[in-house]
Each structure stands twice: as structure tokens, then as C-alpha cells.
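The task is to assemble the complex, starting from two chains supplied on their own in separate frames and drawing on the hints.
Protein chains in written order, with numbering that gives the first Met the number 0: chain A, 0 to 830; chain B, 0 to 291.
Just so you have them, the derived chain B footprint on chain A, three or more residues with Cβ under 8 Å:
| no. | region |
| --- | --- |
| 1 | 136 to 147 |
| 2 | 279 to 292 |
| 3 | 297 to 306 |
Read the hints as simulated data drawn from the structure, not as lab findings.
Don't be surprised by glycine CBs; every beta carbon is placed ideally from N, CA and C.
These are the residues of each chain, in order.
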Amino acid sequence: MISELLQIPAPGPAVYNEPSPDGVSPRPHWAPFFDTLGEVGPEEFVRRWNRAERRIRENGITYNIYSDPLGAARPWKIDAIPLLIPQEEWSYIEAGIIQRAELLNLLLKDLYGPRTVLSGGLLPAALLFGNPAYLRPLAGVRVPDASYLHLLAVDLARSPDGQWWVVADRTQAPSGAGYALENRTIVSDVLPDLFRTCNVRRLASFFRAQREALLRLSGVDNPRAVLLTPGPYNETYFEHSYLSRYLGLTLVEGADLTVRDRRVFLKTVEGLQPVDVILRRVDDWFCDPLELRGDSVLGVAGLVDAICSGNVKVANALGSGAIETAAIMPFLPALSKDLLGEPLKLPCVATWWCGQDYALKSVLDHLDRLVVKPAFPLRGMEPRFGADLALSEKQLLAEQLKAHPGQFVAQEQVALSTVPVWEHDGVSSRSLVLRAYVLNTGESWVAMPGGLVRVAGPDSPLVSMQQGGHSKDAWVLSDAPVDTFSMLRPRHQPVEVRRVGADVPSRVADNLFWLGRYAERAECMTRLLRCSINHVRSANEAELECLMRLHACFDSRYSTLPKGTPATSLHLENELISLMTNSKRPDSLMSVLSDIHETGNRVRERLSNDMIRLLGQLAESVKVEEYMLFVEHSALLTGCLELLAAFSGLERENVTRGTGWLFLSLGRRLERAIYASRQLSGLSGSLDRENWPLLNYLLEVSDSSMTYRSRYFTTLQTVPVLDVLMADETNPRSLDFQLSHLADLYEKLPRHAEGDLRAIRHAVSLIRSFDLEALNVPSPGSGSEHSGNSEERERLGRSLQELTRLLASWSDNLAAHYFDHARTVAISIGG
Amino acid sequence: MIYRIVHKTTYRYKAPVSIGNHTVYLTPRSLPKHRCLSHRLVITPSPATLSERTDCFGNREKFFSIQAPHTELIIEARSKVSVGESKLWPAQSPAWEDVAASMPFDLTAEGLEAYEFVFESPRIRPGKEFAAYAAESFTRRRPLAEALLDLTSRIHSDFRFDSKATTVRTAPEEVFRKRRGVCQDFAQFQIACLRSLNLPARYVSGYLRTFPPPGRPRLVGADASHAWVSAYCPGTGWLDVDATNNIVPSDGHVCLAWGRDYGDVSPVRGMILGGRDHTLEVGVDMEPLEGE
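Extracted from the complex, chain B is given alone in its bound form (with noise of 0.2 Å):
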């Protein structure tokens, strides 16, 4: 299957800005059976600067700055990618608490790059709740990969979806309070979940092919950036779920980057100089080309 995405996100400000630093995690990575064909960034106005960094996770990061005095940002970015459909879910795995045990010991590159995902980080920090929560689900010995699947579908039935409810800074304690958010919290409680029991789990930013109701013409620009999650799962490598959809994800998922939560991998961010309030627009079209 191949994409045609653009993503295109739009700052208006009350005053003018006379400097706006921003970096983009825009740029999907190239996988496995998941391809980048193409990318381009457009900015408007062009900025001063523009550089490209691979970050500690290995997605490309880009950094810009926009050095004259401007009262909208627009930043669209365009990508071409190829998905093919995800590998078979594993039949069989180790049972969750010798991997949770292993973690430490494992030494060797994969091993420690996991490791990685084990740990709190800015916006998850693990605990007691997260651990009673997953606790229904990873039961004595149960192997890793189905206790995995048996949670991402309690948090589908137990969540309800409410693009009202939460912002990008809400932390996962609350939005277990609230039992409602949108992909991003879902995302965000189901790795304090895994790691608080001491599982490697990450956050996963991209995009989520939509489907029109049926009859309906497709409409450009319906689409949003999406986010699941991948936990490790030793000897098979990570395994990808998408609690809010209840799926897990193949060619439907194009995936940006990953981190150990939001704040990783925030698609964008910046720091500007005046402006006063500010107005955001974000919009998202994925459109399959080929291979349906």
C-alpha cells in the first residue's frame, strides 16, 4: 500500500513574532515493510535556517528558525510512503515476568535498547494504579504477547474516545481518572501500564488511514496524526497495538517516529519571540494511491 500524505499545520498569532525557533518530527522513518518514497517540508515564510538531525531514537528531527517578523506559520509536510502488511502476531512468547526480569541483564544492543523503555520518563511515570490496572491482564506466567492484546482491548472498552476531555499535556493519571481521551492519552496510560511492570514499551507517533462512511466520497483533510504504542517482546522484536482502534497495526498505520512518550516525538513544537495569543489548525490527508 502507498500514501500520499500531507500534513499541514497552521500558527496565526494576535501580534507579530520577530523569531520562532521549532523543530518537526514530521519525516516518517524508514522501516522494514514501511518505506519513506519521499518528503518534503514546506515552510511559509522560508525559514532563516534548516537543519536535520537523527535523534537518540533514530528519527530524523528537524530544526528550523524563522528570523523575520511574521504573523503565521505555515508548515506543511508531504511524504510518499510504502507499507506493507506487519508480520504475523506471534504465537507463542515468554511469559511477561521473565521478560520483566531479563530486562536488566540483557546486554546485548536490542537488549539495551529496550532497556531504554523500561524507565519513567517526562510525561509517564509509573505506579501502583497502572500496575493493578494491567494486572487483570498479565496474569501468573501468561505469555507476553497475548496479555498485551488482552489490555489493549480492556483500555478500547474501558476508554471512551472525547477529543474534549484532555490536552496535549495531560498527564496519565488523569485521564485514567477520567476514563476518556483521545489516541495520545491512550497511548500514554497503556505504557505506565507496561512499565510499570517494568515492561519496555514506547510511543509511537503517525498516521491512520480512515475509512468514509460507506457511499460517502473520502474528505480531504479528515484525517489527524495518530499514536499507538510497541512494546518489546524478546526474540520477536516490538509488537505494535493501537488501543483506541482495538487493532494492531499493518498497512493502515504509517508511523513518524517513536520515543519514550509524547514529548519525544511531538510532531511540533517552538519557541517564539512576541506574538501575544495564538491560534492552531492542523490538518492531515492520507490518501491510499495504489494497491487497494
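Looking at chain A on its own, in the form it has when it is part of the complex (with noise of 0.2 Å):
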């Protein structure tokens, strides 16, 4: 294994390989690292890497891949073997992209205030003037501290001669910095020896200064900090949800957020809480819909001029995008030596911006060795080598650099250096970028010790993630003993443990309340379908109807079964398999488990890592393969319910009982309540007839037959069941149980409206008021019944009905009270 590790890239240009010079035996700084693999071993090796495997999948870090026809995330790929860099290598690197976090910070600060570098030649004013990404409401806008840069990326790439380059920078909402870190804690996790043989510099201590450089960005006491996601259709939200949390920091869309009085303010359930520091991960332009760009449902509507009056940090600073671009790489040689007054550390690869005569000439004699880019990346164009291109396509492109040089640059293309990839079927050797990450501390810069290693795919040439490449971790080898400081709390601690900072976003109120309906209404469903199934086949008549009147429970709009004629046991097996499994019906099981999922995800950043597990294990649970048996359906329900069961268990017993449980929990009575009032309306609707089948069935289905028994000692009979599913206020699964927790735990919300909270008590009276013996049915021939049972039966009848509207319209209301200025979206008017 480790022999493969070594080896060199097939023929092709010469390269630097990183592990070895010569494919046989390691540099150095690799030989203790393959030492300590060669005594875990390959069989050890594999099994410890399918267990990482899993918990990525189960932990759903993924990555989303932009128009993939397969849905939006995608597993994360990692693989084991890290780059190893030496200590003293680490130096010059950090020491070059702390430098060139200073030029950059200091760049924006003249290219937003007096701009003295257009004036001394030192830019080329196109570049800023032509530049989409420069934002004019910006401009003259004071910064605190100058601090443009809270975080820089640099990415580098490594030459056949060992050299380090800058091939980009990303000046305005870096990403990646969470996937190193999570990269780190699995690859240390599957080679724990290999780690502390190598002496790693640790991540933990980078992100503490990054927590505490954003509050001191703020400028005030007990700041209140968070983090601006695009959303989860995000290609890195995976990224955002885990950095949130482990800042602790409460991440936040923009629709979440809302400016009065020229301060920025976090909508939450108990109110409106004002935000001093904006993480921000969403772009410049999109951050302000009034100012910037009056389409972007993502950003704030005020947020600029939150900004002017200095009520608001946001990091990176709005317009730090303007000079994320290559076209600038040329001017900086000369701009450290005017901005800093001294050299520049770090070289850039070779870069021209043909807006300049004598480089667009230059760029138009060796289109051959270059890579041709979009100067200004807004406008959108994939890079193209010259190399690769047909001999059409080089005069078409050198067309277009004559019609707009201003809008390209070009850039040698480097042969980056090569790291093994280690997959299940082989060992390749692929190419590599570093991104490493620049922290302004107000005080310092600090560096990442580290980064994220990416690599490209097995026929690319390009690095990037959206094109499918693998990712990799990166570790600085110290030659001095290694803080070991952790940021990470132990990893099954349970959600809204922080008692500070614990805000409760609307929007996150209304995607828990949600996810315990849909987690209830999964659970209700499966018990009927499996109830059903494993009754439907040897059902006779009287028994079919009774399992028709269950079906009735899904209260379908989709139902397959036949309208006017009766149905048969086969329509409905049909039909059960389809609610079960038809993923293209919105109302089945698959559908609602892939809601959960979704609706988890939304949230992800306040679940555990185990009820996170359980959201991908439950995803996939109710997957059926071809040809199988009908009843076999049955085995599958009673895995997902397992699932279903451990998912409640989790939420019941390690979940803090915070406004964000409430919600939550809230979701789930008020479903279990309409299931159970429907399931009792088929009752009530049929107490005058013989009707044991049904009453075995609900008992089945409400997981109650073991207390009736107990209880009763008989055969079923109508009112003691009714008794046992309506009235039995200690049943967890009755509909008194239900109502009465419901009014309880509404009663503990923040400013909780007064005629919602009557309304479920009135319901809880309502259903206590009836006089169970009074609906008792004579046995046939014993004389005339009581006239007033008949209009009991009724009234029973339509409380049940007029309940579950009621239910419905007060879900409605809790909406609206809570939810609702969550969900409007601001529209733009004039201009």
C-alpha cells in the first residue's frame, strides 16, 4: 500500500510530487507518518475508513453541486491522507499570506476612501471602475479599524521546483475554513496514532480568535453575533450550519433579519434582539435589496445604511469582493512596496490583465501556455486553456481579447504538484490547490495553521469543488510541543446548551414546529400502513370495510382507489403500497420521511449529531427493492418506526427544554391530536354497528391493545375503547393526553395569544364532557334505547369534526402569531 502511496503520476509533464522525489522512498517529513500506516496496516486501515465513511454520510456533510439533476447535496469527498507540511515551510507561507492580508486589507481601504492608488498609477483605474464588484454605496464609508478583511483565503499551488504560488484570492465571504475543520476531526479520528506521531499543529485555537475577533469586531459589551447563510440550497450551507454552531453563533437568513431605527435586528419568537456583528457568507450584492441589488430575496433591506450609521459590523466588509480578481495580481509587487513599504513575500503565478496594450500582446503570443479567466468574476465565463483549445476556438478566443481586453486575464498554468488519493478501488495520484486562511484578530493577523486540500478529479485539470474533486486534509508538522486547546464539545451533548446566544430565529421556530408534525405525522402514517398491510389479505368483508374506514384516516388527496364503486382488497393493497412508497405523491410516507429530512436539515445546526443520523437513516428507510413480497412491506414499516421511535426518544431526553423544544414538541401533539381525532371520528361514525374489527384495529394502530386488555379482560367493546383512545388523560396516545399537553406547552411560549390558548382548553373540556355510558348501544332486541344516547352519538360526532378544523385553523394561528413576518418577502418598488 504504502509503495503506492510513493509513486510518481504517470508520464507527463514533470511535477512535484508531494509524498516523494523519486516514487520509492518519502521526503523526510513523510517518513514518519508512513512508519506509523505501515504498523496500522491496510486491512485496519480500511475498516477504520469505511467507519468515517459512514458517519460522513450519516452526518450529512455534503456539498452542493449546483444543477445536479440528482438533487441538490452530495456526500463530501474526503480521503485519508493528509498533505503534510514542515514546519519550517509553514513559516514562509504563513509569513507570505499574513503579508498579503495586510496589502489586500489595505488596498480596499484606499480603493473605498481616497483611492490614491488609481492617482499614482499604481492600479489601473478599469479595474475598479469597470469592476461589477465594486460597491459604489460603499464608498467613503468609514470601516472600524480599517478592517475590510476579517477572514482572507489565499489558494496555492506548487511548481515543479518545490515553489509556492498564489493562483486566487477570496477577499469577501471565504468558504471552506468549516470543511478543513471537519475534515480534521474525521481524518484524526480514523488515524488517532498517525496524528500524534506527527506532531500536528491543531485548528481549535484559530477558531477561538476568530469567535473572539468577530466580537470585538462589534465594539460593544455582550455583543450579539451571527452568521448570514444564503440558505440551505446553498453549495456550502453544510459549512455554515457546522461553523455556526461551533462559533456559537446563531446562523441566520436574510429574511431573518430586519432593520428599524437604522439597526439591524434578529426576528425571534420572543421578539425583535438587535445584531451587532454580521457574519456574513452571503455575496456583496445580495446583501441589501434596497441599495444593492433590488432582486436578492438573500440579504437586508437597510442593511447599507445600517452600516453608514455604524450600528452594524459585517465581516467581510460589503464591497471587500472588488478585488477579488486575478487582474490585480500584476500591480502587486508594486503596491506592497507603496502600501507596506516593503517586498512582496509571496509571488503570484503569472498573471496579465490584458487591459494593458503590451499585455494583451503578450497574452495573445503564448495563448498556448495559458489559462484565460474572466477579469472580473460577476460576469461568469469558465476558465478556458489555451492548450486545449482547437485551433478555432484559439482565434475565436483571441477574438474576444481583442473586442474586451479590459474583461479578461490570463494565467500561466501551473503543473501543480501531486498528493496520493487513497479510494476503495486504488490509489491515484492527483493534483492539488491549498487554500489557506488569514484571521485579522484587530490586533494581528493569524494564520490557519493548515487549510483545506483540494484536489482535482481523476481526468481534470481543474481544481474545484463543483466539478467533483476530493477534498483533503492539510497538517503543519510542529517541531515544538502543540497547543491542544479544543473548541468541540463532546459530540453527544445535546442542542440549546449554551444558555447565552440561544435566540430562537422565527424562521428556525417555524422549521422545528414542522419537523415535529412531519416526524408525528410519519409515525401515525407508518402505524396505519402497517396495521393495514398486515390485515389486508385475509380480510372478509366486514373487515375490509373496517380497514377502508382506517384508510380514511390519511384523509388522501392522491388516493388510488376506485371512486363510486366499492373497492377491493386488491385496490387497496395497491393503494397501500403506493402511500407507502409512491415518492411522487406529496402525501405518502416516502414523502414525508423526505420532508423530515429536509425540514432537519434546515435546522440542522440546532439538532445533535445523533438526531442527525437518525434524519439520513430515516431517509432511506422505507426504500423497497424490486420483486419484493407484499407483506415484507411490513418489516420495513417496523424498521422505520424504530427509527421514528429513537428519533422521539432523542428529542424527549436530549433536548433542553428551550423555546426551539416547544415548537418542536408543540408540532408533534397537534398532530398526533388531528390523527387521533380522525381516527376517532371512524369510530363515532360507526359505534351503531358491529364494529370489532375497527376497534382491534385502532387499538393496534394506537399501540393501546396491551392497556386494554390489562383493563378490561373482555371482548372489545365500543365504549371502553373509547374510553382507552379519547378520555384517558394518563394514555399517551389519547386525544385528551394530546389536547391537554398541547394547551400546556403552548401556555409556556413567549407572549403566547390568550384566544388560542383558550381555544385548546375549551377543546379539552369539550371532549371531557361527554358521558361515555350515555353512547352505549343496546345489545339487538332488549327494547327501545334511550332517545337521548342517539343525540349523544351525534353531538360526539360533530365535536370530533368541528375539532379537527379547529386543530387545523389553530395551527394556522400559531403560524401567523409566530412565524408569518418570517416569511414575507420584501418587494421593491420605483427605480
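Below, the structure is given as C-alpha cells:
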């Protein structure tokens, strides 16, 4: 195995092979790594890696690939072999990227301020004036301590001679630091022995410094800091939720924030809470639909004004995307001398901005060796590799360059260094780019000791996560003892442990409420389906009729049962399978399970890792194989039920009783109350008939058969069953239990509505007002029935139907009261 | 000439708006021979916050926020402006090609300020079709000022004023195709022409004095917002032209703000929560006070 890892890639241009210069013996700093890996042995390694891959899937570590027809989230691709960087080499990189961060920060300060670099001829003015990422509304706006950059990411490549070169900067909302952290957690877990042997520098203190830097940036005591995400459809949403949890910031979307009195506020279920610092992962232009981009739904109207008034700090400062272009690279050496008074330490890969005549000429002469990119990434264009273009394509590109020279940059194509990538089907050698990070602490700059290594796909010269590349951990090997500070809390820790900063944004409450509803809906459906599937094959006519009544509990709008003609048991069988497995039906169990997964994913930073893992398993739990026997579906449902039970167990036992939990539980109680009232409606409609099969099914569905038998030692009778399923306040599946808990939970909500509380309390007393004895149907031939009995039965039927309606409108009221202000989308007028 | 100008904008919403954030460019600029004597902004309902900033082009931008539910918003800007006759049109000016070629290298404050207006902006993309239209006026080595007047008069005669043909969002390409539009469209089209030749041109938003038909009284509120173009001529400065009326603006034009295109200086814009549909009514009244 190790000899494979050392190998040099197949013949091609000479490259720097990271682990070994000759493909046989390792470089000195890799030797201890390979020695220890040899001790672990290939079998043990594979065993550990399988475990890690399962963890990646179940933890839902994903990266959304845009335009992926298979759906958004793909598991994060990482492999176990890290990139090793010796301390001495790291010190060189570190000094270089820190200097670069200082320089770029000063450059932003100048461009949004006096613009001396333009009048001094150090940077062509076209790179600012023609740059769509230059945010004019922010020009001249004071940024505290001139900290334009809070975090900078620098992409580095190593050429065949071993030299590191900067190929790109990420200046506005650098991504990947969270993935680097997650990669580290996984790899150090798989290879703990190697991690210790190699004396790897830790990442935790970097993130602690980041948290402190953000809080300091606010300039106030006890600041509230949030992480602004574009939402679950963004490519790096996983990272946003992961980082928000790790850094202890509330994860918010644009609609969660509002500007009042020139201040930014977070809409929480407890009301508006002021926000002092925004760590943003939303791109510049999208941050304020009023003053930046009118069609943006990701931002906050009035944010620019709040920034101007100094009431909120944004990291990185709005407008910092203006220098996120390779076009500035040719000018950095001179800018460094001018702004910093020292030469640039870390070189950029040779770059030409075609807006200058001599540069354009040189680019046109050497197109074969260059990669052409847009000067302003907002204008969009895939990089074009001159070497790969046919003659006609090259001529076309040359024409474009001549027509709009200022729109293009060209860079020398670096023959990237290679690292081994281990996969189940073997080892391959791939090109790599190292993304390194620098943080502005407010007093100094610090580099993350490590970074995110991205490797190219097997046949691609491009290193891009969007195009299906891999990632790796980067280990900086210390020659001194390492700081072992850890910010990670234990993995099985319940959510909402933080007592400060535990704001529940209204959108989050909304999602938690629906997570509760969907989880309970799945459970009710699973129980109904399993019971029906177990009995439908052997059902006689009376039983089939009862099963049809049970089916009515699904309240399905998409039923496949024939209308008008009576359904046969075969019809019902097909309908049950469709209800269970047809993912195209919005009311199928499959759909509800994917709703759970999706809703849970939107609030993943609020759920424990165990809960997230269960969500992942649930989504897979009713995948039906071809040619499965009918009865086998039942076993599948039992498995699903176990997972759902585990989820509700974690919810009950492992989630602290914060406001978030209240919404989760309210959703669950409400949904169960709805199903209970539907089931009882079915029963109340057949009180005067022979209905013991239905009684039997309902007890089975409600998991209450044992309760019944232990109490009544008798054949099934309607009234005692009604007592168990409706009136018994000690049975956690009874209607009474749902309603009284619903009322108790609702009363605990901050600023609850008295009217809505009364409505539920009233429903409880209504349920309790029924004299169950009076519902009794006399046995045949015993003479006339008391006329009050049939009236009471009718009243029960009516009341249950009313209750179903009440619960639906009650849910709407709750949404209007707590969630709606977070659901409204601002619209743009005028302009 | 002194004018009193009342510019009233009224939004009526079908449903209550719970929160509205707005920015307005309604404060006249103060320039040589063009002084803003007084300015007042009256907003109903009265805003919770109102702040003023000077934007990167030197315009005065006001931001306000209304935080109580409302179904009607009235923004009334009252200004008094004194305008002198503009400087004489230059008898001589450099060849337009020389101006275009020198812009990237003029690092003086004035030159840099002008250079910014050579580039593509959100609503104006230079292109070959515009360059071709402009070429008829911008013949070889023709002095810039002369060519500019020629272009202005050609647009005036080739395009028809038609307030139904376009909206505030119509792109110059479409205006060119239709050969119809309003002052905003003609200004943006002319800018597209100039920038396609690498000449700096900016969009000016303001008001124009109108004259009632002979013998009729002046109608209050019959005036409107206006827009024209300013092009940069090294040595002379900015030259204003109004293609809508085929004139060189003088003491009948009042300037509010300038920018790269309409989007930089739209008089009123906002983001509202709620409201559903809305109607908009704009009335401008420009009354000469003295100096006739």
C-alpha cells in the first residue's frame, strides 16, 4: 500500500510529487507518517475508513453541486491521506499570506477611500471603475479600524521546482474553513496514532481567535453575532451550519433580519433582538436589496444604511469582493512597496490583465501556455485552457480578447504538485491546490495552521469542488509541543446547551414546529400502514370495510382507490403500497420522510449529531427493493418505526427544554391530535354497527391493545375503547392527552395569544364533557334505546369534526403569530 | 432665474405595508451658477428614521424608513433653486478620438472622475450597434463638442417621444429598436452611444421648465422629472445636451443628481413588506419666481 502511495503519476510534464521525489522513498517529513501507517496495516486502515465514510454520510456532511439533476446535496468527498507540510516550509507560507492579507486590506481601504493607488498609477483605474463588484454605495463609508478583511483565503499551488505560488484570493466571504475543520475531525479520528506521532498543529485556537475577533469587531459589550447564510440551497450550507454551531453564532437567513431605526434586528419568537455583528456568507451584491441588488431575496433591506450609521459590523466588509480577481495580481508587487513599504513575500503565478496593450500582446503570443479567465468573476465564464483549444476556438478566443481586453486575465498554467488519493478501488495521484486562511484579530493577523486541500478529479486539470473534486486535510508538522486546546464539545451533547445567545429565530421555530409535525405524521402513517398491510390479505367483507375506514384516516387527496364503485382488497393493497412508497405522491410516507430530512436539514445546527444521523437513516428507511413480497413491507415499516421512536426518544430525553423544543413538541402533539381525532371520527360514525375489527385495528394502531386488555379482560366493546383512545388522560396516545399537553406547552411560549390558549382548553373540556356510558348502544332485542343516546352520539361525531377543523385553524394562528413576519418577502418599488 | 419646485410622489397600497425602507434623490445639487437656496422633504406618514448621505458622485441621497403600518406614502420635496445661464458652448474642442485615447492615462482628479463614466453600468451596456449609430456624427477627427451636438440633434429627429412605448426598466437596445421612448430612454441611449466610442458620459436627473401654450395659464403639476446627458470634454469640462428637446441645457434645467445611469439616481425607490399591489402618482410643479 505504501509503495503505491509514494508513486509518481504517469508520464506527463514534470511535477512536484508531495510525498516522494523519486516515487520510491519518502521525503523526510513524510517518513514517520508512512512508518506508522505501515504499523496500522491496510486491513485496519480500510476498516477505519469505512467507519469514517459512514459517519460522513450519516452526519450529512454535504456540498451542494449546482445544476445537479440528482438533487442538491452530495456527500462531502474527502480521503484519509493528509498533505504534510513541515514547520519550516509553513513559516514561509504563513509569513507570505499574512503579508498578503495586510496588503489586500490596505488596498481595500484605499479603493473605498482616497483612491491614491489610482491617481498614483499603481493600479489601472479600469480595474475599479469597470468592476461590477465595486460597491459604490460603500465608497467613503468608514469601516471601524479599517478591518475590511476579517478572513482571507488564499489558494496556493506548488510548481515543479517546489515553489509555492498564489493562484487566487477569496476576499469577500471565503468558504472552506469549516470543511477544513470537519476534515480534521474525521481524519484525526481515523488515524489518531498518526496524528499523535506527527505532532500536528491544532486548528481549535484559530477558531477561538475568530470568535473573539468577531465579538471584538462589534465594539460593544455582550454583542450578538450571527452568521448570515443564503440558505440550504447554497453549495456550502453544511459549512455554514457547522461553523455557526462551532463558533456559537446564531445561523440566520436574510429574512430573519430586519432593519429598524438604522439598526439590524433578529426576528425571534421572543421579539426583535438587536444584532451587532454579521459574519456573512452572502455575496456582496445580495446583502441589501434596497441599495445593492433589487432582486435579491437573500439580504436585508436597509443594511447599507445601518452600516453607514455604524450600528452593525459586517465581516468581511461589504464591497471587499472588489479585489476578488486575479486581475490585480500583476500590480501587487508595486502596491506592496507603496502601501506596506516592503517587497511582496509570496509570489503570484504569472498573470496578465489584458486591459494593457503590452499584456494583451504577450497573452495573444503565448495563448498555448495560458489559462484565460474573466477579469470580473461576476460576469461569469469558465476558465479556458489555451493548450486544450482547437485552432478555430483559439482564434475565437483571441477575437474576444481583442474586442474586450479589459474583461480578461490570463495566467500561466502551473503544473500542479501531486498527492496520492486513496479510494476503495485503488490509489491515484492527483493535482492539488491548498487553500490557506488568514484571520484579522483586530490587533494582528494569524494564519490557520493547515487549510483545505482540494484535489482535481481523476481526468481534470481543474481543481474545483463544483466539478466533483476531492478534499483533504493539511497537517502542519510542528517541531515544538502543540497547543491541544479544543473547542469541540462532546458529540452526544444535547442541543441548546448554550444559555446565552440561544436566540430562536422565527424561521427556525417554524422549521422545528414542522419537523415535529412531519415526524409525528410519519409515525402515525407508519402505524396505520403497518396495521392495514398486516390485515388486508386475510380480510373478510366486514373487515375490509373497517380497513377502508382506517384508510380514511390518511385523509388522502391523491388516493388511487376507485370512486363510486366499491374497492376490492386488491385495490386497497395497491393503494397502501402507493401510500407507502410512491415518492411522487406528496402525501406518501416516502414524501413525508423526505420532508423530515429537508426540514431537519434547515435547522441542523439546532439538532444533536445523533438526531442528524437518524434523519439520514430515516430518509433511506423505506426504500423498497424490486420483487419484494407484499408482507415484507410490514417489516420495513417496523424498521422505520424504530428509527422514528429513536428520534422522538432523543427529542424527549436529549433536547433541553428551550423555546425551540417547545415548538418541536407542539408540532408533534398537534399532529397526533389531528390523527387521533380522525381515527375517533371513524369510530364515532359506526357506533351503532358491528365494528369490532375497527376497534381492534385502532387499538393496534394506537399501540394500546395491552392497555385495553389489562383493564377490561373482555371482548372488544366500543365504549371502553373510546375511553382508552379519547378520554384517558394517562394514555400518551389518547386525544385528551394530546390536547391537554398542547395547551400546557402553548402556555409556556413567550407572548402566547390568550384566545388560542382558551380555544385548546375549551376543546379539552369539550372532550371531557361526554358521558361515555350514554353512548352505549343497546344489544339487539333489548327494546327501545334511550333517545338521549343517539343525540349524544351525534354530538360526539360533530364535535370530533369540529375539532379537526379547529386544530387546522389553530395551527394557522400559531404560524401567523410566530412565523409570518419571517415569511414575508420584501418587494421592490420604484427605481 | 429662481424656481420653486414641488415634486410630489404618492404610493397607494392595496394592503397595509408594515415596513418600508426608501432612498430618494430629490435634493438639488449645488453647482457653480446653480444654487440650491432651500430644500425641504415632507414625508407622510412621518418616518421613524431619516438620514442623509453624500454618495460617491457627490449627490445628496436621503434614506428613510417607515415602521408603522400604512396604506399610503406621500413624499413631497420642496426646493428653491437659483440657476444662471450656462457657460458658452466651446467654439473649439479636441478631436473625439484623442479624448477617447487619453482617458485611461489622465490621472488627474478631474480625469479620473470622468473616466469612471466610460464603463459599462448596470443599465447601459456599450455595444457595436450603438457605436455604429454614433459613427455618423463622430466622423474622423471631428471636434468632440461639434459631434456631440450633431448626435443630439439626430437622436431628436430619429426618435419619437412616446410615454407608452417603454417603462423605467427598458434597456437602451430596445429603445434603439423601437426608436421611441421618453427622456430617460433617450439619455440612456445617447450615453450608450458615447461610451461605445470610449467617451465619458453621465446621466443627469432633474427638472425642465415648461411653457404653457400662448394665452393659457401655467398648469400646476403639469411638469415632470426630466433627464439629459453630460459628456466630458477635456479642457472645457462637462457639456450638457438634451436630446429630448434638441437643446443645450441652460437656465431652464434644474439638476438633482448625476450617475452612470438611471439606476444610480432614480428619484424614489424602496423595499416594502406587505402592500401587495400599488399605484404610483407623480406630480412636479416648477414655478419661476423672478428674473423673467
